[in-house]
Amino acid sequence: MPLEILLILLILLQYTFIMKHLNVDVGLIGFGTVGSGLAEVLLSQQERLQQRSGLLVRLTKVAARSAKELPARFAGIALTNDATEVINDPDIDIVVELIGGIEPAKTFVLEAIAAGKHVVTANKALLSQEGKEIFAAAAAKGVEVGFEASVGGGIPLIKGLKEGLVANNILSIMGILNGTANYILTRMTDEGSAFADVLKDAQELGFAEADPTYDVEGIDTAHKLAILMTMAYGMNITHKEIVTQGISGIEPIDIDFAREFGCRIKLLAISQNHGEHVEARVHPTMVPNSHLLASISGPYNAVHFSGDMVGNVLFYGQGAGKLPTGSAVAADVMDIARDIAAGSVGRVPSLSYLPEHIQDRGVTPLDQVSCPYYFRITALDKPGVLAAVAEVLSRHSISIESVIQKGREENEPVAIVMQTHTAAESAVSAALAEIDALEAITAPTVKIRMLGEE
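Quick note, the working numbering runs 2 ahead of the 1-based positions in the sequence shown.
These are computed hints drawn from the structure, not numbers from a lab.
Computed from a predicted structure; not experimentally measured.
Wrong hints could be hidden among the right ones.
Stated by the list, open to error - Below 16 angstroms or equal to it, Euclidean Cα-Cα: the simulated EDC-like pairs (lysine to aspartate or glutamate) are:
1. Lys134 with Asp362
2. Lys449 with Asp438
3. Lys134 with Glu243
4. Lys134 with Glu358
5. Lys161 with Asp337
6. Lys63 with Glu49
7. Lys449 with Asp362
8. Lys408 with Glu262
9. Lys449 with Glu427
10. Lys449 with Asp258
11. Lys70 with Asp84
12. Lys143 with Glu113
13. Lys108 with Glu132
Claimed, not checked - Pair by pair, the computed Cβ-Cβ distance ranges are:
14. Val168 with Glu441: 56 to 66 angstroms
15. Asp203 with Pro92: 43 to 53 angstroms
16. Gln407 with Ser68: 57 to 67 angstroms
17. Gly319 with Leu207: 12 to 22 angstroms
18. Thr215 with Ala439: 37 to 47 angstroms
All residues carry an ideal CB built from backbone N, CA and C; glycine is no exception.
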């Protein structure tokens, strides 16, 4: 072959290589709220993204099981009802999974990884349950998995924890991670409304799903806490190992008493790093008004990290929604696109720690957790009842900080409300079992954990 022709071929190959790495093609599986949000972000921000990266990132194919056509503004994007057409397209560099749930999402993600595609997902349920297998498969194949949108919607929590706090030993995680639950508690607090009434309104307004179980019973929050703990501590954990209690049992009377104690009730994800073991729990918590998390209202999310070097850091923003979540997915797409173009895939480990340094660690048993408590004891208004309750608490080394009693109708139940100093969960459980067995007690005692003053 003449030298001139060989040189021309080499130039053409080099040009093709450069152009391929200046153009990054994206395939999308799922075109619901978040999927359409991603398409909107990539389209409307294309010029800005190109100015910031030097890359043309294009959504080229969408797989949507029920869609017959895409909106006119997305002309030029191919539509299919078959997800495997996206996964097996040789021109697609990044596959975005936005269908949610465990299956078929897990199968699609693993098939994309096996095909050598980078993957982006917002699927917190999938990652908190099956993440170990997915991240191991990606590491073995040398591809990246982005999941910024899986926790906190549009808040850059994952990137902040993975990169911004990389020099820190994370001492604690505490946050409001479900906008639906926070919206309901905010309305109950501000309006004095009952849980069921606010939930119905939230469903009508689109803030709550028809089946709100995952949101109001804390399961969604537990999924997200498991992901954050994996990254913060370099540990293997699933949401099933996290003690989880929802907000469906919260009543207006408890919100009123919380106000008297200078608190607001929030559904909190809480983890404390004790070295050999870590706390992992999700439950309603009375948060002092002086704490930053007490002021997070409506559908907003916030997460508070404590690091040994940086101290306290708070991330705040919209935890859900079409465009905020689409923005987070787009951020992952751009990170991976930059790594592809720079030839630096895997520069930042997906889970912050290198795979070989993610280890099993113990989760603190709930009965070993200690914190202040709120009790609402329902008792007949008889002489000696308060003394009997105080005697039980004293025998279990539970110290009372304050007591409120309202109502003085003889032989009628009244609420005796107590705030304790820090006490062990095991002692509290044993004491309340004894108290509820007293003859004058007419209903099970309501217990809500409290957040101590910082």
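### Task
Using the Cβ atoms, figure out if Thr215 sits within 37 to 47 angstroms of Ala439.
32 angstroms, violated
### Message
Hint check: Lys449 vs Asp362, CA-CA at most 16 angstroms. Holds or violated?
### Response
At roughly 32 angstroms apart (the allowed maximum being 16 angstroms), Asp362 and Lys449 break the hint.
### Whether the CB-CB distance between Asp203 and Pro92 falls inside 43 to 53 angstroms
49 angstroms, holds
### Message
Run the distance test for Lys161 versus Asp337: straight-line Cα separation, threshold 16 angstroms.
### Response
Holds: Lys161 and Asp337 sit about 10 angstroms apart, inside 16 angstroms.
### Task
Verify the proposed pairing of Lys408 with Glu262, using a straight-line Cα cut of 16 angstroms.
12 angstroms, holds
### Query
Within 16 angstroms, alpha carbon to alpha carbon, are Lys63 and Glu49?
20 angstroms, violated
### Query
Does Lys143 pair with Glu113 here, judged by a C-alpha cut-off of 16 angstroms?
11 angstroms, holds
### Message
Would the hint linking Lys449 and Asp258 be met if the CA-CA limit is 16 angstroms?
### Response
15 angstroms, holds
### Query
Is the hinted pair Lys449 and Glu427 satisfied, with a Cα-Cα distance of at most 16 angstroms?
Holds: Lys449 and Glu427 sit about 11 angstroms apart, inside 16 angstroms.
#### Entry: Holds or violated: Lys134 to Glu358, with C-alpha atoms at most 16 angstroms apart
12 angstroms, holds
### Query
CB of Gly319 to CB of Leu207, is that within 12 to 22 angstroms?
With a Cβ separation near 20 angstroms, Gly319 and Leu207 satisfy 12 to 22 angstroms, so the hint holds.
### Message
Run the distance test for Lys134 versus Glu243: straight-line Cα separation, threshold 16 angstroms.
### Response
14 angstroms, holds
The earlier numbered hints that this structure contradicts are 6, 7 and 18.
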